[in-house]
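Here the structure of chain A is known, so what remains is to put chain G in place on it, guided by the hints.
The primary structure of each chain is shown beneath.
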Amino acid sequence: MNQTQTSTGPILTTDGIPLKVSLKKAERINKIRAFLLVLPLLAFILITFLVPIGDMLARSVDDRQINTVFPKTFEVYKKWDRQGLPSEEVYKTMFFELKNSEGYSVGKASTRMNYSKSGWKSLLKKSKRKFKKIEEGPFKEQMIAIDKKWADPEYWLALGQMVDPTTMGYYLNAVDLKYDSSKNIVQQKENRRIYNKTWIKTFKVSLLVTLFCLLLGYPISYLLATLPMKYSNLLMICVLLPFWTSLLVRTVAWMVMLQQKGVLNNLLVMSNLIADENRFQLMYNQTAVVIVMTQILLPFMVLPLYSVMKTISPTYMRAALNLGASPMHAFYKIYMPNSVPGVSAGCLLVFIIAIGYYITPELVGGKDGQMVGNWIAYHLKTTLNWGLCASLGAILLAMMTVLYWAYNKIVGIENIKLG
Amino acid sequence: MSQKDSFVKFEKVDKSYDGEILVVKDLNLDVPKGEFLTMLGPSGSGKTTVLMMLAGFETPTSGEIYLDGNPISSIPPNKRGIGMVFQNYALFPHMTVKENLAFPLEVRKMQQSEIDEKVGNALAMVELQDFGNRMPLQLSGGQQQRVALARSLVFEPRLVLMDEPLGALDKNLREQMQYEIKHIHEKIGITVVYVTHDQSEALTMSNRIAVFNDGKIQQISSPDVLYEKPNSSFVAQFIGENNQLRGKVKSINGENCIVTTESGDDIHALKINVNNNGDGSLVSLRPERVAINSSEKFENNFDAKVKELIYLGDHIRSRVEVCGNDQFIVKIPNSYKEANLKEGSTVKLSWKASDSRALDLN
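Just so you know, the sequences run in chain order A and G.
All the letters of the first sequence, read from the start, carry residue numbers 1 to 419 under the numbering used here.
All the letters of the second sequence, read from the start, carry residue numbers 1 to 362 under the numbering used here.
No lab work stands behind these hints, which were simulated from the structure alone.
In this text, a Cβ means the ideal position worked out from N, Cα and C, and glycines have one as well.
The reader is advised that the hints may include incorrect statements.
[Stated by the list, open to error] Only pairs whose alpha carbons sit at most 25 Å apart, straight line, appear in this in silico PhoX-like list of lysine-lysine:
| hint | chain 1 | residue 1 | chain 2 | residue 2 |
| --- | --- | --- | --- | --- |
| 1 | G | K98 | A | K333 |
| 2 | A | K99 | A | K132 |
| 3 | G | K229 | G | K305 |
| 4 | A | K99 | A | K72 |
| 5 | G | K331 | G | K307 |
| 6 | A | K381 | A | K409 |
| 7 | A | K333 | G | K79 |
| 8 | A | K149 | A | K117 |
| 9 | G | K118 | A | K333 |
| 10 | A | K149 | A | K99 |
| 11 | G | K348 | G | K331 |
| 12 | A | K333 | G | K109 |
[Stated by the list, open to error] Computed Cβ-Cβ distance ranges for the label pairs, DEER-style:
| hint | chain 1 | residue 1 | chain 2 | residue 2 | range |
| --- | --- | --- | --- | --- | --- |
| 13 | G | K229 | A | M328 | 48 to 56 Å |
| 14 | G | E343 | A | M229 | 47 to 55 Å |
| 15 | G | G254 | A | M229 | 33 to 41 Å |
| 16 | G | E114 | A | L207 | 58 to 66 Å |
| 17 | A | L23 | G | E114 | 37 to 45 Å |
| 18 | G | G141 | A | F243 | 53 to 61 Å |
| 19 | G | E241 | A | F243 | 28 to 36 Å |
| 20 | A | F243 | G | H183 | 52 to 60 Å |
| 21 | G | I21 | A | L215 | 36 to 44 Å |
| 22 | G | Q87 | A | V175 | 57 to 65 Å |
| 23 | G | Q87 | A | T48 | 48 to 56 Å |
| 24 | G | K33 | A | M229 | 37 to 45 Å |
| 25 | A | T401 | G | S113 | 26 to 34 Å |
| 26 | G | H183 | A | L207 | 32 to 40 Å |
Only chain A is shown next, with the shape it has when bound in the complex (with noise of 0.2 Å):
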């Protein structure tokens, strides 16, 4: 105490040790602590979670796995010059890696060899066969003379794209684009162009649904904000209900509803509001996705909404009244503004779940009510192609960070409430 401390000197303790090192030291134990709390489930999520994230999103570059099955035949291919047919050399490694190989890494090849240009599938499977009467070269006419795919110049330009052992292949094809035989960037062929029409097709559903569910949920959350203890309490049972139940269940359940003979039309026939042979039409398609998707997210919705406004306090408007506005200013001018991280986190929330959305599209949706969720699941159990899902999983990934980064630059993501 009689003593000023020197502003330049480090501050020691009474003990003489500087106090930074001091502390570090009392700390060391609590980070030690904390770190042992955590680690199981560091552990569990890094391996059920982060592991599988990574191995998707190196799946949606990775074009190795050709590569691994005709390592020769690319070496050699490297050194033609694409005019013409390639040199001997290329078909003669071609022909005996092809006879060589086993034929299940055959069929991954030649199925990543398929994206590039169709046609090679069979093309290997028929040669494989046949090839084991060939014994001697040359080689080039003989595999001519099996199939005249193999005198096709565009064949072989199509494998100039699998070269490299990372394509953006798959991205491009994502979004309706592709490699030509030069490995220039051009639209899908007309009736090959889904994609684009999915991401804008699940944009507004996206967009939709949360409109929707904001439209809902504000005077619901505002009720529940504002009304005592007891009603908010039955309210709030009566939001969180569906969270009780299976998520199946509701869809189905308003598949009963919704569908042309279903309880919705049949009511609506039988008060002769519609006639009979003008049923609507609200099932299976993106009516329905949007009726549906919306009601099973407005939780998601209120939540937020209702624990920004719990906090608004009801004071503001009393004030805001007493110094002359009128109930609707006061509510424009007071009430909004204040509920916005509410508004803005419901709608960030909502819109990342619906934008992933699978299962009620999937039941829904119809031709017309697919999204890119679905999509994902048909490539990932139908037709294999995992570089494909992992492409689009990840533009969608990387859609979410972007919503995400401009919310947090915008409204600031410590403004966000959930409950």
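Same frame as chain A, but now just chain G:
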């Protein structure tokens, strides 16, 4: 009342929230123009409800409220033109100080130049000229309080209501703000209705104080009268420190009476609201009106035993046992050296009959 016409008038106002309990009972109150009236009372006494009815956020269950002669029960709060300072200031957190002050002017569709001028004047009044572009949450409690005050005055209302506006401030700041509010009131001569549960606040600022309890005004008078001459034991207890001696009325003689305590001592006191011999009574007496070992002549003289002495700097607070009450407090000025009290010693206490007031037993 000094002025003839009342600016604010409550006429037979009742208020019930649930149809079972009346929180305000048969309230009749007149507030003349320019007065600073404080409604003082414990929480739940109905004082805030009265204020809310005046502001228009609650409607009277029966009776009528008049403002400047016009009934206002059917006028919505935004049309009443009454300023209000809320308990937690209620400054709009998304607007700057200037925008907060401009809000009541903007809704009145004033010209921008006029708004700027009035906002500037209001900020100058509360000495916050340099803080106009801050957000409310960047201000200290006292500064927020001043902004709230300025906002309630900026549109020049006829009446300003204040609902425990200083409750969230610490003691020093609270006292400073009390004087500031008092000075602003004196300067612009506006009518103020102020609600508080802090009696020292009420005594400092008000022209008149209405003491509320149980939905009713117990007493309404100027601060000095309220302190010197409480007319019920509730008011005597609620305002300032107070000694109470319990007993029964022995005899009544005009304005005076004698109350006998359970210990058998006879106390000469003013008859305030006891009526019959044998009635129970609390005799109320301010600690500073009691003399110790005095040679002067008083009506009441008793021996007392010193139980406890507490040194408080400017005075010594001493708890003594007298007339069967061992919670009797006497304040001894520190200059009064000859008293030289010791715990356990016996002293002579004396006081005037006119300082002791025989009140109801509640």
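Hints versus structure:
Under the criterion of a C-alpha separation no larger than 25 Å, the hint pairing K98(G) with K333(A) is consistent with the structure, at around 15 Å. Proximity of K99(A) to K132(A) is assessed by CA-CA distance (about 7 Å); at most 25 Å being required, the pair is judged to hold. Distance restraint check for K229(G) and K305(G): the Cα-Cα separation of roughly 28 Å exceeds the 25 Å cut-off, and the hinted pair is therefore not satisfied. In summary, the hint linking K99(A) to K72(A) is supported, as the alpha carbons are separated by about 13 Å, within the 25 Å threshold.
The suggested pairing of K331(G) with K307(G) holds, with an alpha-carbon distance near 14 Å, which does not exceed 25 Å. Distance restraint check for K381(A) and K409(A): the Cα-Cα separation of roughly 38 Å exceeds the 25 Å cut-off, and the hinted pair is therefore not satisfied. Taking the CA atoms of K333(A) and K79(G), the gap is about 18 Å. The hint holds against a cut of 25 Å. As the CA atoms of K149(A) and K117(A) are separated by approximately 11 Å, the hinted pair is consistent with the 25 Å bound.
For the suggested pair K118(G) and K333(A), the alpha carbons sit about 21 Å apart, so the restraint of at most 25 Å is met. With a C-alpha separation of about 17 Å, the suggested pairing of K149(A) with K99(A) holds against the 25 Å cut-off. Taking the CA atoms of K348(G) and K331(G), the gap is near 14 Å; set against the 25 Å cutoff, the hint holds. For the given pair, K333(A) sits about 15 Å from K109(G) by alpha-carbon distance, which is consistent with the 25 Å threshold.
Our hint of 48 to 56 Å for K229(G) and M328(A) holds, since their Cβ atoms are close to 51 Å apart. Between E343(G) and M229(A) the C-beta distance comes to about 52 Å, which sits within the given range of 47 to 55 Å. A hinted range of 33 to 41 Å is violated for the C-beta pair G254(G) and M229(A), which are about 58 Å apart. At roughly 44 Å, the beta-carbon separation of E114(G) and L207(A) lies outside the given 58 to 66 Å, and the hint is violated.
Separation of L23(A) from E114(G) is about 58 Å and departs from the stated range, judged on CB atoms against 37 to 45 Å. Distance hint for G141(G) and F243(A): a CB-CB separation of about 41 Å, inconsistent with the stated range 53 to 61 Å. Separation of E241(G) from F243(A) is about 58 Å and departs from the stated range, judged on CB atoms against 28 to 36 Å. A hinted range of 52 to 60 Å holds for the C-beta pair F243(A) and H183(G), which are about 58 Å apart.
In this structure the supplied range 36 to 44 Å holds for I21(G) paired with L215(A), their Cβ-Cβ distance being about 41 Å. Q87(G) and V175(A) have their C-beta atoms about 58 Å apart, which keeps the hinted 57 to 65 Å range intact. In this structure the supplied range 48 to 56 Å holds for Q87(G) paired with T48(A), their Cβ-Cβ distance being about 51 Å. Taking 37 to 45 Å as the suggested C-beta distance range, the pair K33(G) and M229(A) conforms, at roughly 42 Å.
Distance hint for T401(A) and S113(G): a CB-CB separation of about 48 Å, inconsistent with the stated range 26 to 34 Å. A beta carbon spacing of about 57 Å between H183(G) and L207(A) contradicts the range 32 to 40 Å that was offered as a hint.
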